[in-house]
Amino acid sequence: MFKATINAKDFKKIIDATSNLVDEICFEVDENGIKANAMDPSHVALVSVNIPKDTFEEYISDVHDIGVDLEALKKIMGRAKSNEKLTLELDEEKNKLNLILKNDAVRKFSVSLYDVSSTNLKVPDIEYPNEVMIKAGAFVEALKDAELVNDHVSLKISEDGKFIIFSKGDINQSETIYDNNSESILDLKITESSKSTFNLAYLKDITKATSSDDILHIYLGSDMPVKIEYNIGNAKILFLLAPRIET
Amino acid sequence: MFKATINAKDFKKIIDATSNLVDEICFEVDENGIKANAMDPSHVALVSVNIPKDTFEEYISDVHDIGVDLEALKKIMGRAKSNEKLTLELDEEKNKLNLILKNDAVRKFSVSLYDVSSTNLKVPDIEYPNEVMIKAGAFVEALKDAELVNDHVSLKISEDGKFIIFSKGDINQSETIYDNNSESILDLKITESSKSTFNLAYLKDITKATSSDDILHIYLGSDMPVKIEYNIGNAKILFLLAPRIET
Amino acid sequence: MFKATINAKDFKKIIDATSNLVDEICFEVDENGIKANAMDPSHVALVSVNIPKDTFEEYISDVHDIGVDLEALKKIMGRAKSNEKLTLELDEEKNKLNLILKNDAVRKFSVSLYDVSSTNLKVPDIEYPNEVMIKAGAFVEALKDAELVNDHVSLKISEDGKFIIFSKGDINQSETIYDNNSESILDLKITESSKSTFNLAYLKDITKATSSDDILHIYLGSDMPVKIEYNIGNAKILFLLAPRIET
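Chains as they are written, first to last, in the numbering used here: chain A, 1 to 247; chain B, 1 to 247; chain C, 1 to 247.
Because the hints were derived from the structure by calculation, they are not lab data.
Just so it is clear, the structure is predicted and the values come from calculations on it, not from any experiment.
Ideal Cβ positions, reconstructed from N, Cα and C, are used throughout, including at glycine.
There is no bait here: all hints are sound.
Partial list, derived from the structure: chain B residues whose beta carbon lies under 7 Å from chain A: (1) ASP145; (2) ILE171; (3) ASN172; (4) SER174; (5) GLU175; (6) THR176; (7) SER184.
Capping the alpha-carbon separation at 25 Å, the derived lysine-lysine pairs in BS3-like fashion look like this: (8) C:LYS75 x A:LYS168; (9) A:LYS96 x B:LYS168; (10) C:LYS102 x A:LYS204; (11) A:LYS9 x A:LYS81; (12) B:LYS108 x C:LYS168; (13) C:LYS162 x B:LYS102; (14) A:LYS96 x B:LYS156; (15) C:LYS96 x A:LYS144; (16) A:LYS96 x B:LYS144; (17) A:LYS144 x C:LYS108; (18) C:LYS144 x B:LYS81; (19) A:LYS3 x A:LYS35; (20) A:LYS102 x B:LYS144; (21) C:LYS75 x A:LYS156; (22) C:LYS162 x B:LYS85; (23) B:LYS94 x C:LYS156; (24) A:LYS3 x A:LYS85; (25) A:LYS94 x B:LYS168; (26) C:LYS75 x A:LYS144; (27) B:LYS204 x A:LYS108.
Excised from the complex, chain A in its bound form (with noise of 0.2 Å):
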């Protein structure tokens, strides 16, 4: 038995945020809530999801793997209205999950379950120096800069405290510069300068879902993989994504 209602919207919101990296994840319900780790199929980045009981409208669940394909979860999810409730059950019988809208119509979806077995991938527990709480909008806009001049990106924390996001290509060469008097800056939590390299297209794939006043938290160290979490409603998401190897 699995039957949870939500609304739509944030639903929609942390599908969106996994499919950009993961093409099918296994969801692991019980009835403390919904929990999926996964990793992309380059086994560069690691997506982990968090949506408690309290998150739900209603919930009642037994302990399942429900294994589903992203990206049909995300068309039919792209075709909810944000002010849609989004009921969620599944069918032991027929092997599916079932995804129903009601509005002015009621719209059923039902999609085949995958045999995606859980991955019992955990996510390794990292001591960072640095932590950056910064406005998703704004980081988005940065990377935006750097994907300007290459396909990867440095995120650097300065010896004088400032978030450094930076990239540099043959001819061309873009810098953006955060310090603790940018209103886009939350918090800058700095013990020590550090810098690590990363592969652009996954960062904006980990960021594409955030709406601009989504707060992130970004860990950084040198040379180590970078963690980025935020919320969706109560539910959480986080990203490790692993450094670029410079040469």
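With chain A held as given, fit chains B and C onto it using these hints.
Frame of chain A; chains B and C shown alone:
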């Protein structure tokens, strides 16, 4: 002699609605107004347009067959602004149709006439067991739901008198259900349950030029063509689409 | 030494207007401001830019030739927000031009300089029988009308002093007529009827960066190049386009 003035917005919509299905058309004009019937190249859909004289601000006409390339007309009407008046004028000597738009500038377009003879095509007079009056926007949204899973769609009247837009793919399915309580439904005149299946691309073409508040009259029966009618100002446009033979 | 601060919006528009025709350009800077003349690769069109010193908030300059890739500059300026200040700064040691945008973040871009030597290109001093002052939006709309029927367009002054944008295709034709009563016409200084025909794609490139309320000065004669001038803030931009030889 043929000279007629109409507001550009209405004529643009008539041309848009027609040109989605048909490449060229023969406007049969006379003292009562403009009529045209045409079938799409695959002979699956029929469109019938009736623009009575009183739709026009000014209307003077003898009997003529005016064959035009709808793609050219559509492009020209795409250049009209919604508050403009359009004058249509037959130049019999040069065998051209002139389209004159007056606003800040005077804009004159002229298109060569095609030798598209009047087809004597008649709209068959079919009696239908069921009629659905629904806002065009709601019907178009339901077609988009169906499009997620397959390229054809079933229009059903259920035993309990609901209007169901249903689509089934290899692994997914979608279903949009309207009943008398739906705000988008203006009327359901039901005498029996029915089901017919149609090519989705045709239904999309038929409804592409509609505004979401246009009222569609959809006539349905089992394995019968669907008839869809709506008004554009005082003009009436009607589509007949053959059902898909299910195997 | 070259350092100049200007509002980003104006500089963006100057770069947009220029880059539609030319790939690289040599800015000739001195104590009076920035000048640049360039021809498009096919030598059909000439663009001339003049940004006097008083256009800038801050301006300090020796004499330099600054050769830049306009495509790179266009991309960077595309990242500027309309309320931002832009500082241009020549780094003679590294042979780079720095572009610094200050807002919530500090953003530094730098582009390598090209060895584009000053061309000594002069704008020929031609006397024209006719001058049309027209809102850019109205002229651009007329070009779109013409585009429906052919890839070249005639700019005509009629015997009775109207400004006509005319295009003729194999089967269709279009004509947009402005006179002294048209609101989009600010002035018509006519001394004789005239007609010249131009490549439509060039005219579209020349007017692409305009806002609809910009005032174009269009200078016309029979089988003469057309000269089109407009202002961007205090800066002046001028285009000269050779006529199409009609056979």
